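Asker: Given chain A's structure and the hints, the job is docking chain B onto it.
Quick note, the sequences are listed as chains A and B, same order.
Counted the way this note's numbering counts, the first sequence spans residues 1 to 253.
Counted the way this note's numbering counts, the second sequence spans residues 1001 to 1582.
The reader is advised that the hints may include incorrect statements.
Chain B stretches covered by chain A per the calculated footprint, using a threshold of three residues with CB under 8 Å from any CB of chain A [as the list claims (entries may be wrong)]: (1) 1027-1035; (2) 1107-1121; (3) 1291-1299.
These aren't lab readings, by the way, just hints derived from the structure by calculation.
From a predicted model like this one, the values you see are computed outputs, not experimental measurements.
C-beta: ideal position from N, C-alpha, C; glycine also.
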Amino acid sequence: MIELEGVTKVFGNKRAVDRLDLRVHAGELFAFLGPNGAGKTTTIKMICGLLAPTAGRVRVGGHDAASREARQLLGYVPDQPYLYDKLTGREFLRFVVEMYGLDRARASARIEELIDTFDMGDFIDELCENYSQGMKQRVVFASALVHDPKVLVVDEPLVGLDPRSARIVKNLFVSQARSGAAVLMSIHLLAIAEELADRIGIVDHGRMLTVGTLAELRERAQHDGSLEDLFLKLTGTELNARPGQSVLECTEI
Amino acid sequence: MSLAIPELIRLPDLAPDRTARALRWLRWWQVRNTTTNLIQGSRLRIAMILFCSAVFWAGLFILFLGGFQFISLYVDLANTIVEYLFSMFFLSLLVMLFFSSGIIVYTALFHSREAAYLLTTPASTDRIFAYKFAEAVGFSSWGFFLLGSPLMVAYGLTVKAPAAFYAMFLLYLLSFVLIPGSIGAVAAITVANIFPRRQKTVLALSVAGVVALLAILGVRLWRTPGDTLSGDWLGSMLNRLAFCQSPLWPSRWMSAGLLASAKGEWSQAGYHLMVLSAHAGLLYLAAAVVARDLYRRGYSRVQGGRTSRRRRGLLFLDAIVHRLFFFLPHPIRLLILKDLRTFLRDPAQWSQFLIFFGLLAFYFLNIPQLGYGAQTPYWRNLVSFLNLSVTALILSTFTSRFIFPLLSLEGRNFWILGLLPLRREQILWSKFVFSAGISLVATEALVVLSDLMLRMSPVMIALHVGMIAVLCLGLSGISVGLGARLPNLRETDPSKIAAGFGGTLNLLVSLVFIFAIVTALALPCHLYFAGQEHPESASIAMSHSGLRLWLSIAISASLIVGILGTLIPLRIGIKAFRRMEF
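Bound-form chain A, shown alone (with noise of 0.2 Å):
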């Protein structure tokens, strides 16, 4: 459903993204993982369309992912949503629904039916620049599942929901997966990516460092520990206590 190959993404001198290849098939959830400047960001970019790649192929439904044929078939959750100030959260979602050419009928029922999931109903008919983050992101979310979308492309999705919402969001894209859409979602909370994804990448310099379902990536890795401890190993990020401190170990309760 989504693939890149070859992908390489230059910003002056600097390599974000390098002979990157990924496929996400349809029905998988896939974590994306990585630190900071990794190049989630770019590559998600690429997979809506926003960027052109420099060099390679990405495609989203055997689409390339510049076309309007890609973007009639994805919904996208940025990492800084947008959301019209002057518009109601409901005139927002109706306006989407109109964007992606829904019938009308089923398209109310699908806005009611979201509203009533992300529990919208108390907030839905005030204008937007009223709305608090998390309130702003469940919009958001239900923006870009109004249209059914088959591929989900997701950056950073828990910020700034209470547990709640979060649990919501997090069902959501299980089921969108189990119903047969590709989600494809760049996480820093690595326990979720653990919880939720089919199979991992995680990404560090603009290339794929490793991919595979968690067990998959311990083996590779040689690893037992927790994806926390397997990510700082993979990334050579791992803490080095200096002269005179300690490293705080963790273990999970």
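Answerer: Structure of chain B alone, referenced to chain A:
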């Protein structure tokens, strides 16, 4: 890694009119909600905006009406002069609209978060372009309407034009703004594609080119042979402006068409309207095609063209600020340095400052060539006060545009300022010192330069130096104080903050302040020098002893007004800033 041929998901065709309708709805909802909000929550604000617009419109109308009546009554070649005036006016607007539309389109297409969002939707790029283009042209040309409509109404009334002339003006206006808007949009998309990292350089070079052309034109006009305002002089002057009458300029089609419709020559008016609208349509189409093919590519290039250039610490600047403001507490000096660095690293700020004050300096340096220095004391006094007023007016636009938004721009980082181990008023004082410091350095130098070129006496130079100091402190106090009292913490664009209610009020208060100070001091001097120049007007003129008395009163009064104008807004700002929650 080898990849298999990916599966192709077939989709039903998306009707293009659905995305167009979605964008129309979007615009309508935004306009409706904004208007409803304004009417419900800010009636005073709307009333004030309408009142100010009406006053501005009426002022221009009276000015234009007076001008047209003067030309029609006293000047030979009235029709020719009006034709030239219209052609020059619309040609200037053509150039200004090209730049303003180009800049607004560039920002709207390549730097707005809305554009990034819309590009991920199924809307086609030319549709997104059309949506953003309409917004940009509306933004850039509303001022044109505000400026052009009193001109046209004044002209229509002077020549007793038929009612249809006013309707024709609207049609002409609509077609005309599309031409520079479309060319500006093509330029913006081209720059994004070819110079994604050099857009500011391209803009600076273009502005420098236009300024150079204007300077050449200005010099040519100043050197027009013959006695000023004589028939020969006027003929030569018009000859030098003949380029604006070229039939290839859209501004010429506009002026010729409007003049024809004012005379009721409908076939000529219709012909020019058709030429204008056909070109407007063609150019818009060209812009849409360029956007369809190059917008997405340009967007990617602009986003990928951002450099992460390391900035050196400007250590010499630190040293200068610490030495210059040694009497201020160390944290305040650090805050001044922060604002100074932001100012120096934002070309929009320092370039505007440099262009306006640079042009003024250029004019002041040329005063001897203009012969003002050899005029009578009466004229030199008049010109010196006018120069001082212009300097203060430009300073007020600078403080309204850049100093007023300073506190609003802290926006989401407000907590950093709020949590600093400082008394909150110290933060405002630091901004005041920053503003007053920059203003004093620039304007004092200009006023002294102007007075030296005009050969003013040391007493008058001292008076003007004192006046501009009072004006600098007052304008800084007003902008910092009102900026703290009426902040807009949601907005990140300083031009929108300055154009909002708070910014407009700030500009108005600044203008009233300038008017009060300049009138108080200019009036006694003017009456004194008028008496010297025209002894026959002794009844209203002022003697030397009278001048000393009234000037002392005026200086005291303007000092009081200056102190109040500085301290009251600052006090209001400090009170509001202390109460501010973040």
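Asker: With reference to the structure, classify each hint as holding or not holding.
Answerer: Against the structure, the hints:
no., hint, verdict
1, 1027-1035, "holds (count 4)"
2, 1107-1121, "holds (count 7)"
3, 1291-1299, "holds (count 3)"
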